[in-house]
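**Student:** Use the sequences and the hints to build the structure in full.
Chains as they are written, first to last, in my numbering: chain A, 1 to 318; chain B, 319 to 445; chain C, 446 to 1223.
There may be inaccurate statements among the hints.
Interface residues of chain C toward chain B, partial, derived using beta-carbon atoms under 10 Å [what the hints assert, rightly or not]: (1) 1162; (2) 1191; (3) 1192; (4) 1193; (5) 1194; (6) 1195; (7) 1196; (8) 1198; (9) 1199; (10) 1203.
Quick list of in silico lysine-lysine cross-link-like pairs, DSS-like style, CA-CA up to 25 Å [as the list claims (entries may be wrong)]: (11) C/859 to C/1121; (12) A/179 to C/1221; (13) A/299 to B/444; (14) B/444 to C/1185; (15) C/859 to C/497; (16) B/444 to A/297; (17) C/687 to C/497.
Since the hints were derived computationally from the structure, they do not count as laboratory data.
A virtual CB, placed ideally from N, CA and C, is assigned to each residue, including glycine.
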Amino acid sequence: MDQIISPFILYGMIALGAVGVGLALPKRGQTPQVIGGLLAALAAGGIILGLTIKATEARPNLFFYVFGVIALGAALRVVTHSKPVYAALWFVMVVLASAGMLLILSAEFMAFALIIVYAGAILITYLFVIMLATQAPADDTMEVLAQYDVEAREPIAATVVGFVLLAVLTTFMFRGLPKVEGATSDTSAVLVEKLPRLYESKLRDRKLLESSERVVSVSLAEQVVVVQKGDDLSTQRRLAGLAWPSDVKISNVQTLGFNFLSEHPGTIEIAGVLLLMAMLGAVVLSRKQVQLDEDAKQKQAMELASHKVLSSDDGGAA
Amino acid sequence: MSVLLTNATELIASTTLAQTGFPDPMASGILSHYLFVSAALFTIGLIGFLTRRNLIIMFLCTELMFQAAGIALVAFGRYHLDFTGQTFLIFVLTVAAAEAAMALALVVLLFRRRETLDAEDWTDLKG
Amino acid sequence: MIDMTSILAPWTTLTLASEGAAGAGPSGMLTWAVPGLTLLATVLCGLCAAFKVKSKLPAWITVACLAGSFAAIVKTYLDFGSTHQAIAHAFDWFNIQATVGKSPVNLVASFSFFIDPLTLTWMLFVTGLATLIALYASEYMSHDVGAGYCRFFAAFNLFVFSMSCLVMGDNLILLYLGWEGVGLCSYLLIGYFYKKPSAVAAAKKAFIVNRIGDLFLALGIFLTFVHFGSVEYKVIFAEAAKYVEMLRIGRFEEIPFIVQLIPLLLMVGAFGKSAQLPLYVWLPDAMEGPTPVSALIHAATMVTAGVYLIARTYPLFLCSEYALPTVAWVGSLTALLAATIGMAQFDIKRIMAYSTVSQLGYMFAGLAVLSNVGGVFHVVTHAFFKALLFLCCGAVMHGFGGQLDLRKLSGVAKMKGWLVVSIGMFVGCINLAGVPFTAGFFSKDMILAEAFVTPGMAPIGWILLFTAGLTAYYTFRVFFRVFVGPQHYEMGEESHGDDHGHAHGHDHAHGHDKAHDHAKHDSHGGHGNHPHAPGWAINAVLATLAVLSIAAAGLNFIGPKPMQGHGGTVASMVQHSSTSFTSPFAHHEGGHDAGHGESDGHEAHATVKPFVPGPWAAHATLGEAPHAGSFLGQDPHGEVLGVGLMYWVSGVVGFIGIAIAFVLHFMGRTTAAKSKADGLLPAFGPLASWAQHKWYVDEFYDFLIKRPILVLSHIFHVIDALLVDGLVNLVGATPRFIGKALRPSQSGRLHEYATGMAGGLAMILLIVLVVTTLLKHV
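**Tutor:** This is how it looks when you write it as structure tokens:
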């Protein structure tokens, strides 16, 4: 295994993590959950350490570790918290951490889009639905967590399945990655050639360009910029030997947008239609009148009866 | 241990938040880190999906899995200096949003039917 | 001395009658009337059954067709005489050309008839007796008029058809067809009263025991085909001539083993069909069938098929070392055994059945001691008198309502209307007992004499002589008990109109009723409990048969000149057929011929040596025949007081038997039930009861064969129910089981499905990982 110092550490930590997560699931009391959480943390830390030690040529940013740990911890909390609202909030944390990781990966737009869409829209929707879908407690009864929230089902089977999958995935990853060829050159410069208008403001600032002139094309290889006035070809002149403005940088948004529109135009349309349909669907569905199921009716009737008895008792007592 | 410390200072020294374009190609060592985080996140989401009974929490766990996938996508994109990863993530986001809306609408309907969010309650397809 | 090759030579150059041979003589095509008419009669009787004919029409059809067949045979006999042979071809049946390995193999078996004197001898008495017995049956079975009547006569005709195929066929396969056909008809006819369990059991027993013999016969036919390359007689006899040649020049060792093996197999088939030890057990039980059936099939025709087989393939038997001695011993022991059993039975039909077995033993022994003439002659005479005896017993049974127990009948001869039956019975009995100058006497004597002459067969002769005495005793025991003496009868259970379903001889206590009318018991048909004497048909047949039995004696004397005195007509018939053979021991070489006046006329082939057949050739040196045996030092053919020595001996033995029977069963007998013999029984100790229980042979077979087979069939039943059914049920149960096992996986629970999916994915990836790792390391 090339990426980690030893496979035994990997599998051992995975097993430990499995135990930890299994314990952390909300089934038993609180103490096992804490212990489980600690074990899981230990396991994650161990693996990351193993990775770090082995990675001799380059190590990721410090912030990677920060965001990574936050992400994993918050995710664990999402899964193990009994109250749904808290779980949703911890999910927001996950989204933030993952946005941070995207930032480190030079995907600023995605990071912000993630926060806006996920944390800002989807999660809010989740919270609304959680509110909607919780039975309102009666006045005098304590709010009690539903049984299905408190108890996780079959933690062992799920944990085993999950961590076997993790073990296999990581084995594939850590063994196979060195064979994956990474890119070696910077592509951004090529993109610059396709976006000549980026330079106009910079050149005007340096007084290299008259106000009515516009940049027609850029050639990095020859270091030549061709400018002309409007559409008048006669006024074309070439600016050569320019020092490349070091502050002309293509931002992530621009690159992304360009890639988006030049290579996947159809998909954009489809995505739009998809969103439209989702919206309409949500409206239609929520207007649907749904009758209460027979079993649920019976349960309700029984509960009402028991409430009535209790309240009548209380009323009688009081 | 000293190895660790020197690396830490280096890390702190090279803090740059944003890297416009893709100036430096990513080493595979770094990529494996990101992928590990993605896999771990995915696993946790999977376990959550298989374990929790509350329908909404289950959907939340699927969103968690989406997150993991997103990180992996962008990491690979960065590795290959290709913007396809991020483009794909935009679409994933779109679909996730649409799907979340639909799913939650259905959960509401289900709740109205049975007054419970327990996934175990719905066993009508029992063979 | 007859030259064997000159007899066999015509077979090698036989011309087919259908080819329009150049002046070969009369064709045998008239013999095709026999199977044709009988088959036609079968079909017509079947149609009668279909049209629910309720008259005696089937019987008249049968009698007419059989009479026609008889006429055809007689005409053929007159045309052929006793010297001519022919093959009458009807159509090709099997004509298979194949190649086995490198050699071509032809199976040619056509529907052709091989007409030679032996065939004609057999067919004469078969068709003659069939006609007479059909006439008898027309009255005997008249109670059953309707579907049963038609069924009876249809099977009867089918039987005669099969018998004709058997006897007249020119190849072993046609013989086998007839063989199986007679077995089938025997089964159908024994089981005629199919509502009676004992009859059905007897029919099954007959068929199954016959089958055992048939298996060996089939094996013999197969071997014949393998060795000789053909199943046709003409080819086989041509090849056999070569082996005869080897015997003649004393080169016995060169005869291949297969040729010695074939007769052994054929012989077992003959034993099955002709009820010899150990396959005789079916014949006494076969008496469950109606009496005409017993008379025709189990006395005269079917049971002689075995004898016919041996006679027909005699050249092969002569070449084998062990065949003839085996046949001789089996035949004589059977004769003795059956005679002892017959002495202790009380059912007269059964006694006759055992007597048939015993006499068949005589015939086999006769052929085996090289008296082919004696054997065949005995067949002919026995056919007549045994049929006569059976028919008389049948008349008694018919008239007394099924009563056959000789302890319950007495003095029948003096009853009104029973005279013809009694005379017929008397004639039959004297023939069977071998009273001098009856036909049975001559035929039996030939066999006895030859037995003592042929070297090494003297013990056979003594056994046969002793059995002759026993035969005389038990035959006349029947006669003296049933037909003479104080008059008494008890009716059997089968009153008229109710013939089915009743066992023979059982009758509820009628008491000792000497009165002639039993007024208190009045049964259905109006005949009540009175015995009724036989009608015209029965009487006519019995009279004819009695006359023929007596006349048969003459066959010993009349005939072509060379054969006079040594078997007469029958001898000439036999010696001009494929069976022809003269024992080298019968006449002392040279010298003693002068003593026989008859021998002057023999064709003198002084240059040709006689040949010694297989059993003796095996131990003989070249050119020297073993010495002939003798009877107590005397030549049995030698004359004492103008009559052959053997005549005296067998006559004396016969008279002794009759005398003993007279003393024990006639003198001083006052009741029907008891006689002086009963007083003597304790002297024999347990032997008497063993004999009465048929020496427990049936029980022995039951223990040895039937029980293991039943056990085996139970085992197979269990295996079938458990294994085979179980397997089938397993095939049905497996999908159900799989379904039941897999159903819990469809619990309807989302989580379980999801876990399954995730687990499956993990498994697949794990397997891929492991496989790729292993492949990499490998």
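**Student:** For a C-alpha distance cap of 25 Å, please report whether residue 444 of chain B and residue 297 of chain A respect it.
**Tutor:** holds, 22 Å
**Student:** Compare the distance between the alpha carbons of residue 687 of chain C and residue 497 of chain C with 25 Å, and conclude whether the hinted pair is satisfied.
**Tutor:** violated, 58 Å
**Student:** Can you verify the interface hint for residue 1203 of chain C: is its Cβ closer than 10 Å to any Cβ in chain B?
**Tutor:** holds, 6 Å
**Student:** Restraint: residue 1198 of chain C near chain B, CB-CB cut 10 Å. Satisfied or not?
**Tutor:** Holds: closest Cβ of chain B sits about 9 Å from residue 1198 of chain C, inside 10 Å.
**Student:** Identify whether the interface hint at residue 1196 of chain C stands, where standing means a beta carbon of chain B within less than 10 Å of its own.
**Tutor:** At about 6 Å, which falls below the 10 Å cut-off, the nearest Cβ of chain B leaves the hint on residue 1196 of chain C intact, so it holds.
**Student:** Given the hint that residue 299 of chain A pairs with residue 444 of chain B, does the C-alpha gap stay at or below 25 Å?
**Tutor:** holds, 22 Å
**Student:** Residue 1195 of chain C was flagged as interface toward chain B. Is the shortest Cβ-Cβ separation under 10 Å?
**Tutor:** Interface hint status for residue 1195 of chain C: holds (5 Å vs cutoff 10 Å).
**Student:** Could you check if residue 1199 of chain C really has its C-beta closer than 10 Å to a C-beta on chain B?
**Tutor:** At about 6 Å, which falls below the 10 Å cut-off, the nearest Cβ of chain B leaves the hint on residue 1199 of chain C intact, so it holds.
**Student:** Against chain B, run the beta carbon of residue 1194 of chain C and see if the smallest gap drops under 10 Å.
**Tutor:** holds, 6 Å
**Student:** Are residue 859 of chain C and residue 1121 of chain C close enough, with their CA atoms no more than 25 Å apart?
**Tutor:** holds, 22 Å
**Student:** For the hint on residue 1191 of chain C, just tell me whether its beta-carbon gets within less than 10 Å of chain B.
**Tutor:** It holds, given that the least Cβ distance between residue 1191 of chain C and chain B is near 3 Å, below 10 Å.
**Student:** Hint validation: residue 1162 of chain C versus chain B, beta carbon distance must be below 10 Å. Holds or violated?
**Tutor:** violated, 41 Å
In this structure, the hints that do not hold are numbers 1, 15, 17, in rising order.
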